[in-house]
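Peer 1: Could you put together the complete structure from these sequences and hints?
In case you want the letters, here they are:
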Amino acid sequence: MGASQGTVRGGGERPARGDEPAPEAVTVAGVRPTEVVRPSSAGEIADILRTTTGTVVAVGAGTKTGWAPPPGSCDLLLRTTGLNRIVEHAPGDLVVVTEAGVPLADLRRALAEHGQMLALDPPEPDATIGGIIGANASGPRRLRYGTVRDLLIGVTVVLADGTIARSGGKVVKNVAGYDLGKLYTGAHGGLGVVVSATWRLHPLPKASGAVRVPVGDAAEAGRLAALMARSTLTPSAVELRFGPSGGEFVVLFESIEESVEAQSRATLALLGAGTREPAPPPWFGRRPDGTLVLRLAFEPYALPRVLDALPPGASGTASACTGVAYAAVPEDTDLAALRAAIRPYDGSAVVLAAPEGARATLDHWGPVPDSFGLMTRVKDQFDPRRRLSPGRLLGGL
Amino acid sequence: MNQHPQVKQQAPDDRRASGDVLRLADRLRARIGADKVLTDPAQLRTYECDGLAAYRVRPGVVVLAADRDDVVTTVRLCAEAAVPFVARGSGTGLSGGAMPVADGVLIVLSRLRRIVSVDPDNARVVVEPGVINLWVTREAAPHGQAYAPDPSSQQVCSIGGNIAENAGGAHCLKYGFTVNHVMGAEVVLPDGEVVHLGGTAPEHPGLDLLGAFVGSEGTLGVATRITLRTIQAPESVQTMLVGFHTVHDAAGTVSDIIASGILPAAIEMMDALAIEAAEAAVRCGYPPGAVAVLVIELDGPRVEVDEQFRQVRGIAEARHAFETRIARDDAERALMWKGRKSAFAAVGRISPAYYVQDGVIPRTRLPEILDEIGRLADEAQLRVANVFHAGDGNLHPLILFDDAAPGAMADAERLGFAILDACIDAGGSITGEHGVGFEKKSKMARQFTAEDLDTMQLVRCAFDPGGLANPGKLFPTPRLCGERPGARTAEDAPDPAFGEVF
Numbered sequence: 001m002g003a004s005q006g007t008v009r010g011g012g013e014r015p016a017r018g019d020e021p022a023p024e025a026v027t028v029a030g031v032r033p034t035e036v037v038r039p040s041s042a043g044e045i046a047d048i049l050r051t052t053t054g055t056v057v058a059v060g061a062g063t064k065t066g067w068a069p070p071p072g073s074c075d076l077l078l079r080t081t082g083l084n085r086i087v088e089h090a091p092g093d094l095v096v097v098t099e100a101g102v103p104l105a106d107l108r109r110a111l112a113e114h115g116q117m118l119a120l121d122p123p124e125p126d127a128t129i130g131g132i133i134g135a136n137a138s139g140p141r142r143l144r145y146g147t148v149r150d151l152l153i154g155v156t157v158v159l160a161d162g163t164i165a166r167s168g169g170k171v172v173k174n175v176a177g178y179d180l181g182k183l184y185t186g187a188h189g190g191l192g193v194v195v196s197a198t199w200r201l202h203p204l205p206k207a208s209g210a211v212r213v214p215v216g217d218a219a220e221a222g223r224l225a226a227l228m229a230r231s232t233l234t235p236s237a238v239e240l241r242f243g244p245s246g247g248e249f250v251v252l253f254e255s256i257e258e259s260v261e262a263q264s265r266a267t268l269a270l271l272g273a274g275t276r277e278p279a280p281p282p283w284f285g286r287r288p289d290g291t292l293v294l295r296l297a298f299e300p301y302a303l304p305r306v307l308d309a310l311p312p313g314a315s316g317t318a319s320a321c322t323g324v325a326y327a328a329v330p331e332d333t334d335l336a337a338l339r340a341a342i343r344p345y346d347g348s349a350v351v352l353a354a355p356e357g358a359r360a361t362l363d364h365w366g367p368v369p370d371s372f373g374l375m376t377r378v379k380d381q382f383d384p385r386r387r388l389s390p391g392r393l394l395g396g397l
Numbered sequence: 001m002n003q004h005p006q007v008k009q010q011a012p013d014d015r016r017a018s019g020d021v022l023r024l025a026d027r028l029r030a031r032i033g034a035d036k037v038l039t040d041p042a043q044l045r046t047y048e049c050d051g052l053a054a055y056r057v058r059p060g061v062v063v064l065a066a067d068r069d070d071v072v073t074t075v076r077l078c079a080e081a082a083v084p085f086v087a088r089g090s091g092t093g094l095s096g097g098a099m100p101v102a103d104g105v106l107i108v109l110s111r112l113r114r115i116v117s118v119d120p121d122n123a124r125v126v127v128e129p130g131v132i133n134l135w136v137t138r139e140a141a142p143h144g145q146a147y148a149p150d151p152s153s154q155q156v157c158s159i160g161g162n163i164a165e166n167a168g169g170a171h172c173l174k175y176g177f178t179v180n181h182v183m184g185a186e187v188v189l190p191d192g193e194v195v196h197l198g199g200t201a202p203e204h205p206g207l208d209l210l211g212a213f214v215g216s217e218g219t220l221g222v223a224t225r226i227t228l229r230t231i232q233a234p235e236s237v238q239t240m241l242v243g244f245h246t247v248h249d250a251a252g253t254v255s256d257i258i259a260s261g262i263l264p265a266a267i268e269m270m271d272a273l274a275i276e277a278a279e280a281a282v283r284c285g286y287p288p289g290a291v292a293v294l295v296i297e298l299d300g301p302r303v304e305v306d307e308q309f310r311q312v313r314g315i316a317e318a319r320h321a322f323e324t325r326i327a328r329d330d331a332e333r334a335l336m337w338k339g340r341k342s343a344f345a346a347v348g349r350i351s352p353a354y355y356v357q358d359g360v361i362p363r364t365r366l367p368e369i370l371d372e373i374g375r376l377a378d379e380a381q382l383r384v385a386n387v388f389h390a391g392d393g394n395l396h397p398l399i400l401f402d403d404a405a406p407g408a409m410a411d412a413e414r415l416g417f418a419i420l421d422a423c424i425d426a427g428g429s430i431t432g433e434h435g436v437g438f439e440k441k442s443k444m445a446r447q448f449t450a451e452d453l454d455t456m457q458l459v460r461c462a463f464d465p466g467g468l469a470n471p472g473k474l475f476p477t478p479r480l481c482g483e484r485p486g487a488r489t490a491e492d493a494p495d496p497a498f499g500e501v502f
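Residue numbers (the numbering used here), protein chains in the order written: chain A, 1 to 397; chain F, 1 to 502.
Restricting the straight-line Cα-Cα distance to at most 20 Å, the calculated cross-link-like pairs of lysine to aspartate or glutamate (EDC-like) are: (1) 206(A) <-> 256(F); (2) 338(F) <-> 279(F); (3) 338(F) <-> 276(F); (4) 36(F) <-> 26(F); (5) 174(F) <-> 235(F); (6) 206(A) <-> 307(F); (7) 170(A) <-> 421(F); (8) 174(F) <-> 256(F); (9) 338(F) <-> 323(F); (10) 36(F) <-> 67(F); (11) 170(A) <-> 150(A); (12) 174(F) <-> 150(A); (13) 174(F) <-> 306(F); (14) 206(A) <-> 113(A); (15) 170(A) <-> 88(A); (16) 36(F) <-> 20(F); (17) 170(A) <-> 451(F); (18) 206(A) <-> 277(A); (19) 170(A) <-> 368(F); (20) 170(A) <-> 425(F); (21) 174(F) <-> 307(F); (22) 206(A) <-> 257(A); (23) 206(A) <-> 306(F); (24) 36(F) <-> 69(F).
If you're looking for bench data, these hints aren't it; they were derived computationally from the structure.
Bear in mind the structure is a predicted one, so any value in this text is a computation, not a measurement.
Peer 2: Written as structure tokens, this is what we have:
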């Protein structure tokens, strides 16, 4: 990725797991913590928060710390990678309980032995469960399976005062009490430190196949996406790669062999073009490289108009039928103008990567909505001293 | 309510609401129109309960809101006067979530029933909260789309109520619950401020307040406009009805289907007593002699459904299914579902009264929890008909009793709560789709720790520091915002929801 992802890593090289970088080499979106700890249990985290008063930023592997603005300060960087146990997997119930520091890749391997999966596919290597929740990271399969908020059925957090609190449970269907998992998702640790999570699982598909179609422009991409969206086909993902030199449209099917075969054929007929491949191309599911990278969200049908609103030279990928795109744009992109242009489609553009020097002046999240006062009250209830990930949330919360 | 028998109740007295509330009623009349504000005890009686008819409280004032502005005005005036309010949709809820507050205002939303827009290109339908669940699918159907959440009461229940309870239904096994299908909401906060949570895009910067709002049982505000997501109607739907001689074989079939990697749209189970009731009520023609039946529905691309349907048949046969029927057309499918969807009302045919519970267990514990329910029922000397969403372990025990017998309702409720305890002990939940409401708030303290509940209370205090929105529901003990967690002295505090209960 770009020049400054704000990644947590030691002297140039990503350290091997368990080989922690020296504190002086670690930053969060450019901010250097005074101290770094790597606790190994929820109880330890609770003790730390109960017995200290300084500012705390919790990170997992640190692959997405650039997805939020730099913290106002960071007295303590709390690495959750020591919470690395898969606590419980009930294959018959399609449920797993994991600690926050478990890397998604490790969980994926463990579940695959039972023919199951957690249907989240953000591409960042080493990303942990806690980081994925905090950043609300998703990938192409969100089209079929949804995102963190759709799959997270229970969560345990440590609050700013050291209280350990749980919401949800270990059953998929459960409406007892407020669903706080939704609030912690995408909160970048600003409401509490996620220490464990319970997930709804899906069976691993038995077969898969892809259809690839070259596309010339945004209008054509939009046309193909609309055709897929209004069909009765059930792809796992419909992805678009776009850029100055044209693009490509990819439909991924994951099901039983007979269904992948029949749906792939139906897709070729529906789109009137394309080739069948056993697997999607290498770019599938990867975030774009660039110094200024954005995540855009918008009404799905507005895809071509949003692509047209991007500045010349923009390139990236879109989850074409969901209304989400990732774009690398020129450093001098006028974010305010871009946001205004996609506003009619309920569009938003948030920064995932930015040049180090630009962060201080960059409007990371964009304008605040009319619910911002309410958001502020929620933040103040959970973290009255504003010690958790201060300044990392929308509107500087 | 059509979903619930009339448990005979002593008629409430004709006591009028307190002076404060009547003065508020006068202000409401002046602001929104006298015809929308009810205080006549005879008129108020209609609104004493929701689908949980055993608990009744006469509201001080009923407001029949006609539009968003009426709701805003009413909530503002309530906030100014520090009078609590309760929002009500169709009143079909089964946990007393819309039970009024005696010295409060009941805001009836069933006149807000406009379909604001239908946008098939974006798969969005925007509605007002009084719109009936089934209307959304009706609006979407001409475009080849549908609204997935389908509670059994979908012909009468409102979208606003669905959002309050995070309603489920038979098909949420595959498609998820209301919260997975609500994209945005215009919400009147308990101080009268109007905010917009979510929208039409799939995500927005900032905290996911919409996610916390859905399922908050009316305690965080009133939704006045809602953006729903529709799905493409599947190419093929196949439904089968399978009869078993033992409950264990039926439960085993459910586990084997899931283990085989198939995710049906729905797997519903009924036991012998529920089958008997359904037969008596709607003559659905379920297999004679069946101790348990499964209704299994698969949907999706035709090739996939046909192949998986064949596998499911094989699984059921291996588990000694003695009769398997496959719906040949929509009429036959409708009949299979009729038996299941009318099961609650049907037990009225075999018992003078009944009490519905709603618990969840991990699916794999199904056989043992059924044994436990049987044991508890014998102990209580009551009969229990079991109907459940077997695919996701959501039980609906229907406890039969004779309401003419003194104390019978209390016995039934005690048995229901013992079943919920068994659900919690099995790692489950006290509610899968009906909500906690008034009925089960005491059980929240068994499912969650004091710290868990205090943390939920933080959200309540951010949205509703005055505690005016649907007080006395959901949480086991009332607590004022700003009170220090841990200082839980409210155990004996009078319950604000309780004016009179019969």
